[in-house]
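Taken in sequence, the protein lines are chains A and B.
If you're matching positions, the first sequence starts at 759 in this note's numbering and goes up one per residue.
If you're matching positions, the second sequence starts at 239 in this note's numbering and goes up one per residue.
For the record, the hints were derived by calculation from the structure and aren't laboratory data.
A few of these clues could be false.
Facing chain A, from chain B, some residues (calculated, C-beta under 7 angstroms) [said to hold, decoys possible]: (1) 281; (2) 337; (3) 339.
Using N, Cα and C, we set each Cβ at its ideal position, and we do this for glycine too.
Below are the chains, spelled out letter by letter.
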Amino acid sequence: GAVVSQHPSWVICKSGTSVKIECRSLDFQATTMFWYRQFPKQSLMLMATSNEGSKATYEQGVEKDKFLINHASLTLSTLTVTSAHPEDSSFYICSARDAARGEGTEAFFGQGTRLTVV
Amino acid sequence: DAKTTQPTSMDCAEGRAANLPCNHSTISGNEYVYWYRQIHSQGPQYIIHGLKNNETNEMASLIITEDRKSSTLILPHATLRDTAVYYCIVRAHSGNTPLVFGKGTRLSVIA
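If we strip away everything but chain A, and leave its shape as in the complex, we get (with noise of 0.2 angstroms):
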């Protein structure tokens, strides 16, 4: 199947700072890619669809401001969480689908990135 690549694998960060996870489609073109967040134990949880060339759409309860979404092109996303905090620990994963096989496809994950906040 397809090939969705996220970086970085795990990141550590200090409380206050901003990270900027990255999400790639590698072989296949996506004009909107989804973000999720995990939490120990639980389900994923959509955070935001990302759309090529245009401002993502938040679930509710996700703060537009503190989780910044970019998808500047047809194979990238990006979400930075801004000031992090403790709470915003968690499993976060990207997704996406081949765009050149339409809307009634399988969606290909990203292999998720752990981000703890000290």
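Keeping the supplied structure of chain A fixed, place chain B upon it in accordance with the hints.
Showing chain B alone in chain A's frame:
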């Protein structure tokens, strides 16, 4: 909210078939049934999806009841590496809609 119901956990002996049930009694006519799994500390992995016919690929088989209100994912010969959380998700193919995850079934394959 997730539109599916799955057992919280299941055990399966290595080498035996693992049958994971999913209830989706409110599924709409244009919604597909998707299965993903998540091995600890990794991103979800796509397994299979279908609309109303049974489907089979190199990983698994998907059996959907005639009324489409439930389905079963079958791993024909479970191995220890199949230990994971399995998610059953329904999704319409209209619009680039995201996958909404429920709590899934934690499958433990036992030697």
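Evaluated hints:
no.: 1; hint: 281; result: holds (4 angstroms)
no.: 2; hint: 337; result: holds (6 angstroms)
no.: 3; hint: 339; result: holds (4 angstroms)
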